[in-house]
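> Work out the full structure, taking the sequences as your base and the hints as a guide.
Chains U and V supply the protein sequences, listed in that same order.
If you're matching positions, the first sequence starts at 65 in this note's numbering and goes up one per residue.
If you're matching positions, the second sequence starts at 638 in this note's numbering and goes up one per residue.
Read the hints as simulated data drawn from the structure, not as lab findings.
Not one of these hints is a red herring.
Derived Cβ-Cβ restraints for the label pairs, each shown as a range:
hint, chain 1, residue 1, chain 2, residue 2, range
1, U, I124, V, R985, 41 to 51 Å
2, V, E958, U, P204, 17 to 27 Å
3, V, A899, U, L99, 47 to 57 Å
4, V, L740, U, I124, 49 to 59 Å
5, U, F282, V, W693, 56 to 66 Å
6, V, L678, U, H361, 26 to 36 Å
7, U, H361, V, G942, 53 to 63 Å
8, V, W693, U, F108, 55 to 65 Å
9, U, W280, V, H960, 50 to 60 Å
Each residue gets a CB set at the ideal place from its N, CA and C atoms; glycine is no exception.
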Amino acid sequence: MFNRAILKTIVIQTAIVAVIVLVVALIANTTFANLNRLGVQSGFNFLFERSGFDINQKLISFSSDSPIYMAFAVAVLNTILLAVLSIIFSTILGLVIAICRISGDWFLNAFGYGFVEIFRNIPALLQIFLVYFVVIRALPSFRDSYDLFGTIYINNRGVFLPSISFSSDNEAIFAILFGLISVLAVLGIWKLRINRTNLAFNDSFSISPWLIFMLWVFLVIGLSIALATFKVPTLGKFGYQDGLVISPELVALIIGLSTYNASYLAEIMRAGFQAVSKGQREASQALGLGAAATFRHIIFPQALRIVIPPITNIYLNIFKSTSLGAAIGYPEIVSVLVGTTNNLVGRPIEIMFMTFLTYSLISLLAAMVMHRVNQRYNRYNVI
Amino acid sequence: MSERNYVKPQLVSPLLKGNFLASAKSWRLYTSLIGILLLVLTLWPLFDWAVIDAYWSGNDPTACPDKSGACWPFVRQRFSQFMYGAYPVSERWRVDIGLLLGLTLLLPILVPSVRGKKWWIIAFVGIYPIIAAILFAGGIFGLTSVETGLWGGLFLTLVVGGFSFVFAFPIGILLALGRESGSPIIRNLAGAWVELWRSVPTLVVLFVAVIMLPLFLPEKFEIDKLLRALCALSVLMSCYIAEAVRGALKAIPVGQYEATRALGMGYIHSHTTVILPQALALATPQITNVVIGLFKETSLLVIIGLFDLLGMVHAISGDPEWHMSSARATGYLFIALIYWSVCFGMSRYSAYLERRRRLV
Numbered sequence: 065m066f067n068r069a070i071l072k073t074i075v076i077q078t079a080i081v082a083v084i085v086l087v088v089a090l091i092a093n094t095t096f097a098n099l100n101r102l103g104v105q106s107g108f109n110f111l112f113e114r115s116g117f118d119i120n121q122k123l124i125s126f127s128s129d130s131p132i133y134m135a136f137a138v139a140v141l142n143t144i145l146l147a148v149l150s151i152i153f154s155t156i157l158g159l160v161i162a163i164c165r166i167s168g169d170w171f172l173n174a175f176g177y178g179f180v181e182i183f184r185n186i187p188a189l190l191q192i193f194l195v196y197f198v199v200i201r202a203l204p205s206f207r208d209s210y211d212l213f214g215t216i217y218i219n220n221r222g223v224f225l226p227s228i229s230f231s232s233d234n235e236a237i238f239a240i241l242f243g244l245i246s247v248l249a250v251l252g253i254w255k256l257r258i259n260r261t262n263l264a265f266n267d268s269f270s271i272s273p274w275l276i277f278m279l280w281v282f283l284v285i286g287l288s289i290a291l292a293t294f295k296v297p298t299l300g301k302f303g304y305q306d307g308l309v310i311s312p313e314l315v316a317l318i319i320g321l322s323t324y325n326a327s328y329l330a331e332i333m334r335a336g337f338q339a340v341s342k343g344q345r346e347a348s349q350a351l352g353l354g355a356a357a358t359f360r361h362i363i364f365p366q367a368l369r370i371v372i373p374p375i376t377n378i379y380l381n382i383f384k385s386t387s388l389g390a391a392i393g394y395p396e397i398v399s400v401l402v403g404t405t406n407n408l409v410g411r412p413i414e415i416m417f418m419t420f421l422t423y424s425l426i427s428l429l430a431a432m433v434m435h436r437v438n439q440r441y442n443r444y445n446v447i
Numbered sequence: 638m639s640e641r642n643y644v645k646p647q648l649v650s651p652l653l654k655g656n657f658l659a660s661a662k663s664w665r666l667y668t669s670l671i672g673i674l675l676l677v678l679t680l681w682p683l684f685d686w687a688v689i690d691a692y693w694s695g696n697d698p699t700a701c702p703d704k705s706g707a708c709w710p711f712v713r714q715r716f717s718q719f720m721y722g723a724y725p726v727s728e729r730w731r732v733d734i735g736l737l738l739g740l741t742l743l744l745p746i747l748v749p750s751v752r753g754k755k756w757w758i759i760a761f762v763g764i765y766p767i768i769a770a771i772l773f774a775g776g777i778f779g780l781t782s783v784e785t786g787l788w789g790g791l792f793l794t795l796v797v798g799g800f801s802f803v804f805a806f807p808i809g810i811l812l813a814l815g816r817e818s819g820s821p822i823i824r825n826l827a828g829a830w831v832e833l834w835r836s837v838p839t840l841v842v843l844f845v846a847v848i849m850l851p852l853f854l855p856e857k858f859e860i861d862k863l864l865r866a867l868c869a870l871s872v873l874m875s876c877y878i879a880e881a882v883r884g885a886l887k888a889i890p891v892g893q894y895e896a897t898r899a900l901g902m903g904y905i906h907s908h909t910t911v912i913l914p915q916a917l918a919l920a921t922p923q924i925t926n927v928v929i930g931l932f933k934e935t936s937l938l939v940i941i942g943l944f945d946l947l948g949m950v951h952a953i954s955g956d957p958e959w960h961m962s963s964a965r966a967t968g969y970l971f972i973a974l975i976y977w978s979v980c981f982g983m984s985r986y987s988a989y990l991e992r993r994r995r996l997v
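What follows is the structure, encoded as structure tokens:
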């Protein structure tokens, strides 16, 4: 039997659900009426049509003859490329600024403080505009580009790097396999090191794993150089050819997003370092570790545990901020889907649905991965 | 935060005190040198460009013949457009009065020692938007109607920021209460709603509103771009505010809830008189951070074609008359200063509240 309180909650809940269902039904009804009135077609079959447009930056082959779903794939890859590069650069920059802030030196601290307070209080989009419309426009034209060692050229059309190519597919596959094995080897050595540490310095290895690792690295680098051909960009009539081009849009976005987010990351890292108890430092000093060793073995690993959750948030923010690329025409998800494709095929509902879903899924996936990382780092949590 | 010594201070090597990068004395000089070098190398060129090499006098494009320095005459000449956009000059007093009224109402809410905050908040969230909307848009009480297409500049940025916050604030509180509610249906619905919007970029939410909102509404409902943007930012901000308030609700001791129940208070009574006042006070620093974020996010309006502060400067500085000068760079620098002062001020306020709470 129901008592009054339970009855009341059930009535309220049912009422709320009913209202929500009603509103959704009403909106759906109006939307269908509007779509019919405007004569908008629906369905996802447009994805298989010929795209008819080209994208100036692509990681996989794409042309105006490719289907639209390939354009979507190109856009997703461009978004991920931008996000990964921005995350790498902002983390490095953030770490440098955080170290400046905790260094204890007045001038370095002032520099770090100034950096953080300036860049986190100016909108990311304005920073991107400043780089794109002011700094990059002010770079010289391709005829008098900045020349770094005759291999890298910087001008107002972007950064030109040497491209790496292999003479045959077999060699490319070989190189990729070799790279993969190297990565696995590094992981394996790392594991060995951890196990060795757990054996309480009972050293059963006659050769240092690092020596093997270094030999391996030399082998990999040597073989790749021997197999690959590097094409240095050469000056043609209308600009540089043959090289790997980083478009000005990508450069502006990476710089803008990195400076903006590095200011947040620096503050998080600084707080993380400072949260490590002073006793830890004193204990490591008592054990005879130097300043660098103390930072690397005592402070850094503990701080890492503290900062992983807030850093995850910033990384997700960086991923979401890649959509700012739409403002300066970088072909990421929003500009390709909502901009180009929607104008072309006029399926607003389907396209917004796809955009929404892509971002939510990637955000969700990233959040899950970072959650696992966090759990892993907190396995031996002692503080 | 005072740190305890675990070892007698005189036993700790001086290497560990203070500057850990420069633990050896001989290093200290180098870190300072690097610091000074970084400061000089970054600040001097900027100062040189913006102040020393800058063009200060004059009123027309001939005042800045080249790009070697900042072009302040451009900012001076277009200042009123940066502030009001294309709002008719004869009606700009309405904007001034409206914004001033808003600030006056906001002040008692922001100063922690003022009593009776509830009434100020109700006035600001409930009554002020109506007065402001009438003042800005006009059309009744003998005020000439000014269509939203003419709004722009800092005025538009403040309107969008202010109005979306005013809409988002109550919705955010309701969502937070929903997420903490005892009913699993409401809790999960509110949770899904908040997480859904938080997982996509602001720009996508803006495009959803611009493209989809007209489809959701009946044919005769014309909804202009500004309103669509307002809806988008309100929905998004309410989700962020919900997270801030939820964190505060979780921080309130269970004893408070139990005490209200022991006194026989109902859900609404206990929340309006006991729980929410405490939670909102706790959440104010977080909410201030959300507002800072919102203020910066308004710059995205330029992408959907509204002339907010960034959009206005972006549009005006493309003026071919000023082609030879560094008008664009100066315009950006100028609004960067505006954004910076507002955000920095708010972040100081948030830090002040945080400090104050720790002292209490």
